[in-house]
Every structure is written in C-alpha cells, then in structure tokens.
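Undergrad: Numbers 1 to 191, taken from full-length UniProt numbering, label the letters of the sequence shown in order.
Keep in mind that the hints were calculated from the coordinates and are not lab data. Hints should not be assumed to be uniformly reliable.
To be verified - No more than 20 Å apart at the CA atoms, straight line, and that leaves these computed lysine to aspartate or glutamate pairs for EDC-like:
{"no.": "1", "residue 1": "Lys144", "residue 2": "Glu95"}
{"no.": "2", "residue 1": "Lys173", "residue 2": "Glu42"}
{"no.": "3", "residue 1": "Lys151", "residue 2": "Asp101"}
{"no.": "4", "residue 1": "Lys144", "residue 2": "Glu41"}
{"no.": "5", "residue 1": "Lys173", "residue 2": "Glu41"}
{"no.": "6", "residue 1": "Lys144", "residue 2": "Glu102"}
Claimed, not checked - Between beta-carbon pairs, the in silico distance windows are:
{"no.": "7", "residue 1": "Arg7", "residue 2": "Gly187", "range": "38 to 44 Å"}
{"no.": "8", "residue 1": "Ser45", "residue 2": "Asp66", "range": "31 to 37 Å"}
{"no.": "9", "residue 1": "Tyr136", "residue 2": "Ala99", "range": "32 to 38 Å"}
{"no.": "10", "residue 1": "Pro119", "residue 2": "Asp19", "range": "42 to 48 Å"}
Ideal placement from N, C-alpha and C gives every residue a C-beta, glycine not left out.
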Amino acid sequence: MLDRIDRANRQDPHQEVVDGQSLPREYAYSLHMTRWLFAIEEAPSERMQIACRAQHIERWRLPRSDYPEGRKDYYEWRQACGRMHGRRAAEIMAECGCAPDECARVETILTKRELRNDPDTQLLEDVACLVFLERYFSRFYEEKPDYDWEKWLRIVRRTWGKMSPRGHEAALKLAGQLPEHLQTLLGEALA
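Generate the whole structure from the sequences, applying the supplied hints.
TA: So, in structure tokens, the structure goes:
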C-alpha cells in the first residue's frame, strides 16, 4: 500500500533536492513525514504510516495558486487539500483490500477534523509541524520578506499551538539546528 502511495507521489512534476538528489516534491515530503513519525513514535501503526505517507498525496493537483491570496482563502485551500488527501488515501486503501472502517479512519485523520480529540490526528499534526520546522521553515521565511516580525511571531505561535507536549519536546530539540535568526524568532514566540 505504501508503494501505491509512493507511486502516486512520484508523479509530482515539481522537484525538491534532498541530500543532493532531486526527488518529486511530494514524494520527498512523504519520506520526511515517515522519518519524523518513526523518530517520535516508537512503533507506529500501519494506519499512521499510511496517513503520514499520504499527508500531501497528489497535492500538486490542487495548487495554492488556484485560490486567492489571504488567510481565509489559505484555510479554505488547506481544508480542500485535506479532503482530497483523505479521499485519495481511502481509495488506494480500498483498492488494496483494506476494511472500509480502516479506510474511513485514515480519511478522518488526514482531514484533521478531530485534531484536539484524536491521538492519531494529533500525532500526524506533530509530525507535519516538525517536518515544516526542519525542512521548510527557513525557506518559507526567505520567500516572505514582506512579512514583518509580528506576523512571524503569530505564525510560530499558531504552529506551536497545534502541537502536543511530545511535539513541543521534539521541536525544542530541533530548534538548535535552525539558523540563528529562526532560533531567535522561536525563542521570542515562545517566551
């Protein structure tokens, strides 16, 4: 099943360089998600491995540019992506012979409808936040020179607020690897 998800993500026309190797972007993202899942969860369930691998499945099919700029439209896009990822993962699972309740469960995790009430959904969110901090935060910061310091503080605080204590602990360990200006930002946001 993970191979089916990987095949879908390898179709991404966009590339990301990881350790000097160019990979399809959403495939690379799924590998980052899987690595962090195993870093913070000793023996992750198959369900969580599937959810992490499918977190951005075929995301290029619903580009951010299809939605207007602005926070409200960004959240609409994110929700549409979550629904699409959930549906696509459930389809692949069903095609691989998974029980309907397992397909529905992974779909629910990926839509994040139960973020604060469901441990699996919270684990997925922790992993996604850790991947963002490690792999994408620095680049995102550089791509948004128009954002002022206060906006960055809000972004960091919102990200932090979505994480569990376990996610916080892993993020604090990771923080020392961030560039100095992002360490300063993180420190101020959490003070």
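Undergrad: Take the hints in turn and mark each one as holding or not.
TA: A quick look at each hint next to the structure:
A threshold of 20 Å between alpha carbons decides the hint, and for lysine 144 with glutamate 95 the separation of about 41 Å lies outside it, so the pair is violated. Restraint check: the Cα-Cα separation between lysine 173 and glutamate 42 comes to about 17 Å, which is no more than 20 Å; the hinted pair holds. As the CA atoms of lysine 151 and aspartate 101 are separated by approximately 41 Å, the hinted pair breaks the 20 Å bound. Restraint check for lysine 144 and glutamate 41: not satisfied, since their Cα atoms lie roughly 33 Å apart, outside the 20 Å limit.
Simply put, lysine 173 and glutamate 41 have alpha-carbon atoms about 15 Å apart, close enough for the 20 Å limit, and the pair holds. Straight-line distance between C-alpha atoms of lysine 144 and glutamate 102 comes to about 39 Å, which puts the hinted pair past the 20 Å bound. Separated by about 42 Å at the C-beta atoms, arginine 7 and glycine 187 satisfy the suggested range of 38 to 44 Å. Checked against the given bound of 31 to 37 Å, the beta carbons of serine 45 and aspartate 66, roughly 33 Å apart, stay inside it.
Taking 32 to 38 Å as the suggested C-beta distance range, the pair tyrosine 136 and alanine 99 conforms, at roughly 34 Å. Taken as a hint, the range 42 to 48 Å is violated for the pair proline 119 and aspartate 19, whose Cβ atoms sit roughly 32 Å apart.
In terms of the numbered hints stated before, the structure departs from hints 1, 3, 4, 6 and 10, listed from lowest to highest.
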